[in-house]
Each structure stands twice: as C-alpha cells, then as structure tokens.
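Let chain A serve as the given structure and place chain B on it in line with the hints.
Heads up: the protein sequence lines correspond to chains A and B, in order. Counting in the UniProt record's numbering, the first sequence runs from 1 upward without gaps. Counting in the UniProt record's numbering, the second sequence runs from 1 upward without gaps.
A hint or two may mislead.
As the list claims (entries may be wrong) - So the derived list for chain A, only partly shown, Cβ under 10 Å to chain B, looks like this:
#1 HIS59
#2 PHE108
#3 LEU119
#4 ALA120
#5 SER130
#6 PRO153
#7 GLY170
#8 PHE172
#9 GLU205
#10 VAL206
#11 GLN280
#12 MET308
To be verified - Anything over 12 Å on all C-beta distances counts as not near chain A; from chain B, calculated:
#13 LEU63
#14 THR239
#15 LEU266
#16 PHE306
#17 LEU360
Claimed, not checked - So these bits of chain B aren't anywhere near chain A, every CB distance computed over 10 Å:
#18 ILE4
#19 GLU9
#20 LYS13
#21 HIS54
#22 VAL79
#23 GLN84
#24 ARG86
#25 LEU108
#26 LYS127
#27 ILE139
#28 TYR178
#29 ASN199
#30 GLN211
#31 THR253
#32 SER282
#33 LEU337
What the hints contain is simulated information worked out from the structure, not anything from laboratory work. Small disclaimer: the values here were computed from a predicted structure and weren't measured. We put the beta carbon where it would ideally sit given N, CA and C, even for glycine.
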Amino acid sequence: MDRFFAFVKKEFLHILRDRRTLLILFGIPFAQVLLFGFALTNEIKNAKIALLDNDHSLHSSQITNRLLSSGYFQLQQNLRSYNDIEPAFRKGVIKMVLVFPVGFSNDFEHGKQASVQLLADASEQNTAISLTNYASAIIRDYVNEQQGGNFMPMNIDIASRMVFNPELAGAFVFVPGVMTLVLLLVSAMMTSVTIAREKEMGTMEVLMVSPLNQGQILFGKVLPYLLLSFINGCLILALGVFLLKVPLNGSLALLLVEMLLFILLALVIGIFISSLTNSQLVAMFSSLVIMLMPTIFLSGFIFPIESMPRPLQIISNIIPAKYFIQIVKGIMIKGVGLGYLYKETLVLMGMTLFFVGMSLRNLKTRLS
Amino acid sequence: MRRILFLVEKEFKQIFRDKVLLRMIISAPLMQLILLSFAANFEVKNLNIAVVDHDHTTFSQRLAGKFRHISNFNFLGYVPSYKQARQLMLDGKADLVLVIPLHFERDLYRDNSATTQLMVNAIDGSKAGIANGYASTIIRDFNQDIVVENFPVAPGTMQQLTVQNQYWFNPKLEYRTYMVPAILFQLLILIGGLIAALNIVREKEIGTMEQLNVTPIQRYQFILGKMIPFVIIGLAQFTVGLLVGVFLFKIPTEGSIPLMYGFALLFLLLSVSLGLLISTLSETQQQAMFVAFFCLVLFILLSGLFASVENMPMWAQYLDTINPLKYIIEVSRNVMLKGSTFRDVQQQFFALLLIATTLLSLAVWRYRKTV
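So that you can see chain A by itself, here it is in the shape it has in the complex (with noise of 0.2 Å):
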C-alpha cells in the first residue's frame, strides 16, 4: 500500500509541475462558461441595414422610423436601384435591405394590397431570421395602429407557460453541456494522452518491471486526475449556479454521486483509448473524434437530437454524454430524484462496466 501511495504522489507531483497545464486545465470552463454566458447570444441589436425607398412618402418614412428607432436596426446607407443591392451585400456590412416600391402608400391608404421587401442576407441564417422576424413585428403593429385596433369577435387567449425556465436562459442547456465537456475533456483526453506519453517515453515498461501490479499502477495514473476533474466539476457548477442563476432544485449529493460516475466512465474510456495506441498524438486525436465531435454534435448539448435524421437519433443513444446531460438537467432544473434517472444512470454504469472489460482485454494481449 505504502508503494502505491508513493506512485500516487509522484503522479501528483507530476501533474503539479507543469503549471501551464495546470493553468488550463482550470482556465478552460472559466473562459467557456463566461463566453457562453455572456458573449454568445442572438440578440440583435443595432443591426445595419440599407433603405431602398421608391415611394418617399408618409408611411413608408414612418415605417422606417419605426424600425430604426427600434434599436435592432442602424440605417448604414441608403440605395438608389435595384442593382446596388447584390454589391452592398457583397461587402458583408448590411445585413438587410428595407423596399419600398412606388406606389406604396397610394395602396396602402386604398385597401389595395400594399406590399414591402424585407431582403435579408442570409448567408448568416439564424441572423437572417430573427432580423426579418423582428422586422415584420414591429411592421405588423404599426398596420395594427393605423387600422385602430378592432374588435375581435371569439378571441382565444394563449396564456404560455414556460415551465422550468420562465425566462428562457440560455445557461439551462449550456452549464450541464460544458460541463459534460470539460469532464470529458480532462478525465478521457487527459488520461489518454499520459499513458501515452508513458509508452512513447518507454517509461511504461519502467513501471511494468515495478512491484506495482497492472491494476494499481491504472489506478495511481487516473486517481489524480478523477480528483482534478472532480474539482473542475465543482468548479462549473459553482460558476453556473451563483454566476449564472441556473437552479440546483434537485439533490447536490446525488448530483455530485452522477458526476463521480459520468467522471470514472470517462476516464475508462481515456484508459481504452490509450490501450489502443503508443502515441500521444493519436491518442489525442482518437479522444477527438471518438468523444469530443460526438459530444458536442450528437448529445442533444446544442443540437436538438428529436430534429436529427433517424441514423443520428440511433448513434446518439450511445454517446455517455447524452445520458449525462439528461441527469444534470434532470437534478438541477427539473429537481427529480433517483426514481426518474435510474435508466440514464445504470447506462452509464453499463458503459463503464463494458469499456473496463474492453481496456482489461487490451492490456492482457499486450502483456502477453
């Protein structure tokens, strides 16, 4: 046991050194929930547009007001013809183009169909969308004003309630997924890529010759790391728990029992990874393709997995961060206990149980 420790220590030791790892290693949930938090977000405002205006009259200026006083909108350039749109969206600053066509306010005054073009650039999709959404609103209430809101016969209220985040935030879907990220990211990379480095050094077999059994000198290489991810954990939760506002409605106990879990499995899958190879750089790049892409495409953390084509929906059913995510949500948002996540959780422990059976088989053949 005392050998053990000792192991344990030097691989601390190890770990502690290198200060710039270190530095990262912690630097990476700040810099990703920050950004997340407070730097990435859909909301327009002061969006340039240019006015193509063929009517110059009362509504179509009072129109244009409206929008620009608006805040989404910052009028960059008004255009003479039909022709100077397509070299204005070429330069890649307006991001719409308000039309007029002559005649516009003569139809509108006459209860003859008045038309007017919103041209959005979408080359930027999402941008596109919410600028003519915006756009139509606000043009939609000002045809509501100028007709005199009317009576409406049978009307049906909406009352909409959001259930579970009444404001919308963001941070219920991006907390649990850079969690699930970074847990992934330290525990499987990390662990991947040491042992690697121990192979490709040739101090592996330094270790091997050692009175260190296999399973002890496994154990000693993930403990540091299980606690460093375990810390990292903690720390994105804090962050997104009194930074951010998301809820802990559920059991912290329970939630940080999951987090071990989800952690361990990951740091089996890194001891899989690297029973695969001797280099550091395919290690890196299998955790890469194998778990990161998969992660952040397929675990429902920024692309809704319902709006996938069937294959997708079937490969993503065994990705672990899928599950993960659902428990954390689960906990945090909806405040469900163990009764709800039992399915997600014994998945989690069956792919923890099948990746040490895949990793102990790979060992023994390389020992033989």
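Only chain B this time, still in chain A's reference frame:
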C-alpha cells in the same frame, strides 16, 4: 534548397508511416463536415404534445384534433389531470401540454373570449420559444376557423399590408449552406495549428530535435521544412472538403475558386505559424495540446461560427480583432455564398496577413537551435 526537400521528404515519410494518424487526419475533418451537415439543425420537429381537456365539447375536441395530423407535432393523447400532465413533463415525455379549461366553448359564445393554457418544457429556451410559436399558430388558426364560421365578414375595406421576406444567397435557409463554408476553413487551423505544434514538440520530447540541431540545417530551412508538408496536407484536405461540400451537400460556390485557394493558403500559413509558436513555448506534447486547444476553443466560440459577431458585447468584439478565424469565416461566407471579389474582402486579407506575419516572426524569434 535540397536540404529543405530532404526535410519535407522525411516529414512525409513519418506521416505516412503512422497509419492510425493518417486515418485520423483524413477522417476527423470529414466526420466533422458530415456530422455538422446532418446533425446540426436548429429546426424543431417531433414535438410531443399532451392535452388536458376539462371542457369535453365540440370546440375543445376540435382544437385538440388540430394537433393530431400535423408535422412538427406528435400527439401523445389526452391526460385526465394537470398533475399527470406535469408528470409527463418531468419524465421528459411531453414537450408541451395544452390545457383547455372548463366552459371553454360556453365562454367563447357568451363572453367572446376564453383562455387556453399552454405549458412548454423550457429547459432549452430557444427550442421552447419556437415550440410555443408553432402551437400558438395552430391555436390561432382554430380561432380564425370558428370566427369565420360564426361571423362571416364583409371583405376588403381595411388597410392591408403584406411583408415579403426574401432570403438572399440561401433562399431555403439551409443550415448546412451556412455552416459548410465556415467549417471548411475552420478545419485548416485544426490541421495546421494542432498537428504542427504537436509534431515539433514530439521531436523535442523524444530527443530527435537535438539531432536536428547539430546538423548544418539553418533556422529558416528547418521552419520551411516543417511548414511545407502541413501546408500541402491542409490544401489536399481543403480540396477534399470542397468537393464533398459542392457535390454531396450542393453548397453553391459563387466566388472564384483561385481566390478561395489563395485564402486557404494564407490561412494555412497562419495556422502553421501559430503551431510553430505554440511548439516553441511548450516542453511536452500534453502542454502544447492544451495550449492549442485553449486557443482553438476561444477562437471558435468567438469566431461567429455559431453566433454572429455583431451581436456580441463590445469587449468580445474587441477581442475578435485579433481572432484569425473571425476573418476567415467572414471571407468564406462572403466569397462562397455571395461571390464577393477580392476588393470586397481585402480588409480581411490584410488583417490575416498581418496576424500571420506577426505569428511567424514571433515563432522564428523564439525558436533557438540550442536546447
């Protein structure tokens, strides 16, 4: 010159010898392209809806029936009580619950107004917003139906205005049209930056760097010898990605192909310089990997790949002036989708050139032939 060629030959031999790595280099970008094109979709489909009907009238049943055979919705059925509906939400089985109150029909006839309640699972806020929008539209449709049945209106004395939306350069608003050009260029920094950095640190770590240092190879020859292979691999990869994008995903290429290759080359030089710089700052591959990773994550999140730069707060936009990915992503969308010419994107060109030169000078300055 011959020395450089030997170095390049050596690099290629090393890369091609490692079959696993080779497979990774080829598959990683393709996988990202394919995953993003198919999985990356903010469209909201298959919303599960349950109905709590306290009214049991023709109106309430017709309203519920509206959700039955409509794409985007998946009608789960009736639930007897509010409590059970909430249970379905906790289980994650229902995305929406429509609650129709008692006397819904009577109130509509008598008071001309009634309220329905729509509960939306809002953990994913943006999805909830869209789901709420869809459901509200359907309820409003129903409202329109019953109004028309009961109050036939005299047409056409009111002022009317239609708003026509046109989406240029991506008329069907396809997510992949928006994503693929940006991804094509973003992959280059992965190959150039990450692999180049690790490659050089590896030489340090296993000691072959010292062997190189005692040869008569000069500084610039070593750096060129390391840069050329990765630039070539990057360009090959760009070509493959471009072919996949154009033929498999039908991404338009409005702009000039040479212009795109020009930018790809410039961006690769920049990425490899970044990789070189990181490698001179790191002792171990693990360090290099994490430094590179940290930079890449920041670059990517701030680049406008997912959320556009104009909507970010000012501090983030200032940070973005030194983010090479921001410029190249603007260029990729402008040139590929809109057909922008060099004059339209010259500002981005000079910014990238400046960043590349700075990075390369720093890397050359930091690189020492001594240990």
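Here is how each hint holds up against the structure:
{"no.": "1", "hint": "HIS59", "verdict": "holds (9 Å)"}
{"no.": "2", "hint": "PHE108", "verdict": "holds (6 Å)"}
{"no.": "3", "hint": "LEU119", "verdict": "holds (5 Å)"}
{"no.": "4", "hint": "ALA120", "verdict": "holds (6 Å)"}
{"no.": "5", "hint": "SER130", "verdict": "holds (9 Å)"}
{"no.": "6", "hint": "PRO153", "verdict": "holds (5 Å)"}
{"no.": "7", "hint": "GLY170", "verdict": "holds (6 Å)"}
{"no.": "8", "hint": "PHE172", "verdict": "holds (5 Å)"}
{"no.": "9", "hint": "GLU205", "verdict": "violated (15 Å)"}
{"no.": "10", "hint": "VAL206", "verdict": "violated (16 Å)"}
{"no.": "11", "hint": "GLN280", "verdict": "holds (5 Å)"}
{"no.": "12", "hint": "MET308", "verdict": "holds (5 Å)"}
{"no.": "13", "hint": "LEU63", "verdict": "violated (8 Å)"}
{"no.": "14", "hint": "THR239", "verdict": "holds (21 Å)"}
{"no.": "15", "hint": "LEU266", "verdict": "holds (18 Å)"}
{"no.": "16", "hint": "PHE306", "verdict": "violated (7 Å)"}
{"no.": "17", "hint": "LEU360", "verdict": "holds (22 Å)"}
{"no.": "18", "hint": "ILE4", "verdict": "holds (23 Å)"}
{"no.": "19", "hint": "GLU9", "verdict": "holds (20 Å)"}
{"no.": "20", "hint": "LYS13", "verdict": "holds (16 Å)"}
{"no.": "21", "hint": "HIS54", "verdict": "holds (14 Å)"}
{"no.": "22", "hint": "VAL79", "verdict": "holds (15 Å)"}
{"no.": "23", "hint": "GLN84", "verdict": "holds (14 Å)"}
{"no.": "24", "hint": "ARG86", "verdict": "violated (8 Å)"}
{"no.": "25", "hint": "LEU108", "verdict": "violated (5 Å)"}
{"no.": "26", "hint": "LYS127", "verdict": "violated (6 Å)"}
{"no.": "27", "hint": "ILE139", "verdict": "violated (6 Å)"}
{"no.": "28", "hint": "TYR178", "verdict": "violated (4 Å)"}
{"no.": "29", "hint": "ASN199", "verdict": "violated (8 Å)"}
{"no.": "30", "hint": "GLN211", "verdict": "holds (17 Å)"}
{"no.": "31", "hint": "THR253", "verdict": "holds (13 Å)"}
{"no.": "32", "hint": "SER282", "verdict": "violated (8 Å)"}
{"no.": "33", "hint": "LEU337", "verdict": "violated (4 Å)"}
Taken one by one, the earlier hints fail for this structure at numbers 9, 10, 13, 16, 24, 25, 26, 27, 28, 29, 32 and 33, listed in ascending order.
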